[in-house]
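Peer 1: Spelled out from the first residue to the last, the chains are:
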Amino acid sequence: MEESIVNLEKKAKWVRNQVLEMCVGAGAGHIAPAYSCTDILVALYEGGILRVNPHNLTWEDRDRFILSKGQACASLYAVLADMGFLPVSELSSYTRLGSRLGGHSETNVPGVEAFTGSLGHGLALGAGMALAARINRKDYLTVVLLGDGELQEGSNWESAMFASHHHLGNLIAIVDRNGLEALDFTEKVLALDPLIKKWEAFGWEVQTADGHSYDSLLSTLGDIRSRQSGEPLVVIALTTKGKGVSFMENSPIWHFRIPEGDELEQARKELA
Amino acid sequence: MRVDFFESLYDIATKDDRVILLTSDTGALVLDRFEQDLPEQFINVGIAEANMVGVAAGLAKNGKIVYIYAIIPFVTMRVYEQIRVDVCCDNLPVKAVGVGAGMDYSSLGPTHHALEDIALMRSLPQMTILSPCDNVSASAFARLSYELPGPVYIRCERYAELSVYLDPSEDFTDGLKILRKGTDLCIIATGRMVLTAQRAADELSNRSIEATVIDLYRVKPLNVELLMKAINGLKVVVTLEEHSIIGGIGSAVSEVLAESGQAYRFKRLGLPDKFCRQYGTREYLLTLNNLDVSQVTNTILRMLE
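So the sequences go chain by chain: A and B.
The opening residue of the first sequence carries number 98 in our numbering; numbering runs sequentially from there.
The opening residue of the second sequence carries number 49 in our numbering; numbering runs sequentially from there.
Think of the hints as simulated: they come from the structure by calculation, not from any bench.
No incorrect hints appear here.
Computed, partial: chain B to chain A, Cβ under 10 angstroms:
| # | residue |
| --- | --- |
| 1 | 97 |
| 2 | 102 |
| 3 | 107 |
| 4 | 134 |
Derived list of chain A stretches under chain B, where covered just means 3 residues or more per stretch with a C-beta under 8 angstroms from a C-beta of chain B:
| # | region |
| --- | --- |
| 5 | 224 to 231 |
| 6 | 248 to 257 |
A quick note: this is a predicted structure, and the numbers were derived from the prediction, not measured.
Don't be surprised by glycine CBs; every beta carbon is placed ideally from N, CA and C.
Next comes chain A alone, as it looks inside the complex:
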């Protein structure tokens, strides 16, 4: 276990490096939002939580993963590349002329299940996929990664009601709770707390995890497949926006900023 966690941490560092170079090369991109959920993505894919096969994209029994906070797609693309869904060499084409890798996740990228970028869409899509699994008598899981600021979109709560009303126990939401949205802290802009009570009141089972600890993530997510509950599950993952580069961490200005000069050098040093 210890060794595999060290491996996952190495993977995460590699992903963060890729994200940095992708966005610096492109001159644009959401680095800090991508860093916030990097460990969650690495745990899901590289930690063996998700049942996916890069060589069989249309496998009916594959788990469905939706990155509802589509602005974090650089880290998803890096993880998918490491998993073999697309060539690692393609990552450097991110948002360049002729590339299929854009600034928000799109379904033309192998392994990407949903068009996202407009916030508040992923949970409804996930609910539809989870419902399809039940109707089609399939045992795949649908996992939706939500930004916390995104929860200000009312559509999420329509879907939260729908999922619990229809007992979609095969639907798992993970909230990347970094406490920040584009311009400021969520609690300052439009408060989300008490977030756990909100989800509970909507009929969801709620768990919390440290979104940067593989110990915590793997123990929380490790048994999602064996759940027998009819309640959908939400994991509130406590995270730090910009995690991995000290000056980006928990700092509102880094939502959509690209480091230059000394900043870039320091970021590279910290991720080395």
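For this one, chain A is given, so just place chain B on it according to the hints.
Peer 2: Same frame as chain A, but now just chain B:
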């Protein structure tokens, strides 16, 4: 009209369990049988249209052909961005069935009127728009929408008046139908206004003015070639619709004519660019907007003077 559409859809759904019908708490007597006989294929998702579209897209990504149903403003305007991103971006088989074209819900006021839906849906890539004018076309459009692979918007009425089409096996794949041929002008109509166009053509004929009448039942994609062939060199063209004159079939046809390199005398007849704050029957509201048969006839006569 709605009953014809859903009865036809019911028949399709009994033979194909991929067909799922979602409604956001919008009823119709005809849906009861759907819910009773096909409980796995019917969900009232509640008054939550944004979620309805996302769920429909999620189902459609997993092999389902999904119909979403509500009064027009709530299944088009309220969820426009969900339809754009979740449905159209991935070209999914999600079919939006809107009821209440134009002033169908006359007395319910502007929230329930549908003046802008064609304009909105027409600008969405991948979207097909079907606009039935009677029970035969409504019934046929259930099957047509089912057979089309991508997103479809069906602009329905609650009730149909007289039948325009007499043959239940009428072929609707061309996109438009020439209902009568004339030598003096061409009236292009859609939805219930097709009946008004036919009646106006009768009145004009009594004055020895002969109009071609076209039912433009597929608003998008337009069959431009057939449309130009149907106009057949007539130089006076009128469009007639129960929709805002901005962005509806008047706009669609004028775009084609303007790019044709030929000159036309052209007029858009439709609802003006304002909210209707009057109440009463649909007929009354149409009269207020110069859209009853005699008003349309007179407008055309003035145009021909």
